[in-house]
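> Please work from the sequences and hints to get the whole structure.
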Amino acid sequence: MPLLSLNLRAAILSVSLLIVGLLIWEAAIPAQKAVGELTEYELLTGGGQPKAGVPPPSQVMAKAWEQLSDPFYDAGPNDKGIGIQIGYSIYRVLVGYALAAAIAIPLGFLIGMSPLAYKALNPFIQVLRPISPLAWMPLALFVIQDSEASAIFVIFICSIWPMLINTAFGVAGVREDWVNVARTHELNPLRTAFSVILPAAAPTILTGMRISIGIAWLVIVAAEMLVGGTGIGYYVWNEWNNLDLTSVIFSILMIGLVGMVLDAALGFVQRAVSYVE
Amino acid sequence: MKPFLSVENLTQRYPDGTGGQTTVFENATFGVEKGEFVVILGHSGCGKSTIMNILAGLSDPTSGAVIMDGTEVKGPSLDRGVVFQNYSLLPWLSTLKNVTFGVAARHPEWTKAQVIEHSTKYLAMVGLEGDVIHRKPSQLSGGMRQRVSIARAFANHPKLLLLDEPFGALDALTRGTIQDELLKIWSGTEQTVFMITHDIDEAILLADRILLMTNGPYARVAESVEITIPRPRNRTEIIEHPNYYAIRNHLVQFLGKRSKEMAGQKVPAGSGSPTPVRIDKTDTADDPEIAPPALRAVNE
Chain A
141 MPLLSLNLRA AILSVSLLIV GLLIWEAAIP AQKAVGELTE YELLTGGGQP KAGVPPPSQV
201 MAKAWEQLSD PFYDAGPNDK GIGIQIGYSI YRVLVGYALA AAIAIPLGFL IGMSPLAYKA
261 LNPFIQVLRP ISPLAWMPLA LFVIQDSEAS AIFVIFICSI WPMLINTAFG VAGVREDWVN
321 VARTHELNPL RTAFSVILPA AAPTILTGMR ISIGIAWLVI VAAEMLVGGT GIGYYVWNEW
381 NNLDLTSVIF SILMIGLVGM VLDAALGFVQ RAVSYVE
Chain B
-1 MKPFLSVENL TQRYPDGTGG QTTVFENATF GVEKGEFVVI LGHSGCGKST IMNILAGLSD
59 PTSGAVIMDG TEVKGPSLDR GVVFQNYSLL PWLSTLKNVT FGVAARHPEW TKAQVIEHST
119 KYLAMVGLEG DVIHRKPSQL SGGMRQRVSI ARAFANHPKL LLLDEPFGAL DALTRGTIQD
179 ELLKIWSGTE QTVFMITHDI DEAILLADRI LLMTNGPYAR VAESVEITIP RPRNRTEIIE
239 HPNYYAIRNH LVQFLGKRSK EMAGQKVPAG SGSPTPVRID KTDTADDPEI APPALRAVNE
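Residue numbers (my numbering), protein chains in the order written: chain A, 141 to 417; chain B, -1 to 298.
Among these hints, one or two may not hold up.
What the hints assert, rightly or not - Facing chain A, a subset of chain B residues (Cβ under 8 Å, in silico): (1) Ala63; (2) Phe82; (3) Trp90; (4) Pro106.
What the hints assert, rightly or not - So, partial list: chain B residues that the calculated Cβ filter (under 8 Å) puts toward chain A: (5) Pro74; (6) Gly79; (7) Asn84; (8) Ser86; (9) Met123; (10) Gly125; (11) Leu126; (12) Gly128; (13) Val130; (14) His132; (15) Lys134; (16) Leu138; (17) Gly140.
To be verified - FRET-style restraints, in silico, Cβ to Cβ: (18) Ile152(A) with Ala170(B): 47 to 57 Å; (19) Arg11(B) with Leu250(A): 53 to 63 Å; (20) Ala167(B) with Leu208(A): 55 to 65 Å; (21) Thr187(B) with Asn328(A): 20 to 30 Å; (22) Glu115(B) with Ala242(A): 53 to 63 Å; (23) Gly186(B) with Phe334(A): 26 to 36 Å; (24) Val413(A) with Lys0(B): 46 to 56 Å.
Honestly, the hints are just simulated from the structure, not real lab data.
Just so you know, even glycine gets a beta-carbon here, dropped at the ideal spot from N, CA and C.
Right, here's the structure in full:
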């Protein structure tokens, strides 16, 4: 009997695990008493109110269907579709991330090329890097005076470090032979940077960018819980305040899915620029 | 008149880590004529690679000068092409693009089609044609990679081509094939070549003249041995030539014994030129003193 391919066997195992997990979850939730079975007394004393409990997967799926079939509805400040909320979050992440990349990559080049710049800037990087991005939030809110821009700033400050450090590391590690090839071909510094150093360091730079987008997506949820208004983080917190755990679980899953897509997109770019020596 | 390439009183010293200085070589003086193929032979540590890097303009000597075609060598230039031992191909570019990279740098005024045509021609000269030229260097064997590197260097028609142990990392059979290819591509040009090697037979096969270096520290270029074997040469035929073993023995004797004996002898500036050596048995072919060359023992 020919053995099924590894991928197919893995897929079968994944699906089985998912089904088993969902069944256990479904079975573990105690059934709510149906309202009709209550006595009049119980109804009067509020016993008919469903107790807040973790919803079973069937409810989450129903919620997902409901939300995803109309993701972009807008019924006022506290009632927007999941698509709009995620859109706000992605927008903030991408703006903060792009600003960080625009600064981190050129600065990383400088640090990687110049031992002086490395030694001079390294203490600052080492002190600033371990600061939780949310610790910047009060200062950002005070200085910028705008919650939207503050959230973007927090994304910027958390995604700049991995990109900066990886770019510097990648640029400093470019093999001297390749730089010598550029030198013996009389390439000017700008062409050397773009046609030799950048492609040589690109895989390392992309590793940093991939770490950064992951961190940025982690941080945006927390940041939006703080600044409020819009975004997936705000949505989670708002549904928690509504005690709508079904929506909370649904949005947790959506956060995971979007994070996976962001990572996969950068993984794709990373594979495109990687090379074998 | 000065030769095409004139190396004058070249000296290289490094700090030795204890506050003093180590002199790798001192007052190295030699010349290379236009169109000449010169090979430099010497033990590791005598500074061959340092001389090569200075000629390429990748590093500066402590003192002394290199003058090529009437101008002093300062920094790297497209006029001096280099083939490095480790090929130094850019791994993210295809074989063809590695060559067009160099050609486009040499001829910025050429159209893309011209650059590609020129590069393809030189890749074909080292036997790389068809699909192979679109592969990445990582998909090529060591020998093929070095062919690409040689094609890249020749395609640029540098005034001086520097080969830094180009076959050092290859197995003996591949080395032989590529040596033949190098001879073929070189004989079609008037290319001046300066090459480093450890391999005596390779040096005799390729060179017009072999420069012999003594051991360091205070290494110097002691002798300049003319290879009196007519071209075109072929690896199977040159060993039959009466001069082959005479020259080979001279080289082996030098590297085995005299390079050590002469080590550390300081020479004053201006007198570092190598002693010219010319061994030619064909003039005295009927001399009974010469034993059949193949029977001569070679001890290193």
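> Quick check on Met123(B) please, does its C-beta sit within 8 Å of some C-beta on chain A?
violated (20 Å)
> Are Lys134(B) and chain A close enough, Cβ to Cβ, to be under 8 Å, as the hint says?
holds (7 Å)
> Hey, does the Val130(B) contact hint survive, CB to chain A under 8 Å?
Interface hint status for Val130(B): violated (17 Å vs cutoff 8 Å).
> Range hint 53 to 63 Å: satisfied by the CB atoms of Glu115(B) and Ala242(A)?
violated (40 Å)
> May I ask you to test the interface hint for Ser86(B) with respect to chain A, counting a Cβ-Cβ separation under 8 Å as satisfied?
holds (4 Å)
> For the hint 47 to 57 Å, verify it against the beta carbon of Ile152(A) and that of Ala170(B).
holds (53 Å)
> Close enough to count: is the Cβ of His132(B) nearer than 8 Å to one in chain A?
violated (15 Å)
> For the range 46 to 56 Å, tell me whether the beta carbons of Val413(A) and Lys0(B) fit it or not.
49 Å Cβ-Cβ, so the 46 to 56 Å window holds.
> Would you check whether Leu126(B) satisfies its interface hint, that is, whether its CB is within less than 8 Å of any CB in chain A?
Violated - the Cβ of Leu126(B) stays beyond 8 Å from chain A, reaching only about 18 Å at its closest.
> Mind checking the hinted window 26 to 36 Å against the Cβ distance between Gly186(B) and Phe334(A)?
Because 35 Å falls inside the window, the suggested range holds.
> Given a cut of 8 Å on the nearest C-beta pair, is the interface hint for Pro74(B) held or broken against chain A?
holds (4 Å)
> Within 53 to 63 Å or not, the Cβ separation of Arg11(B) and Leu250(A)?
Cβ of Arg11(B) to Cβ of Leu250(A): about 33 Å, so the range 53 to 63 Å is violated.
Of the numbered hints listed earlier, those contradicted by the structure are 1, 4, 9, 10, 11, 12, 13, 14, 16, 17, 19 and 22.
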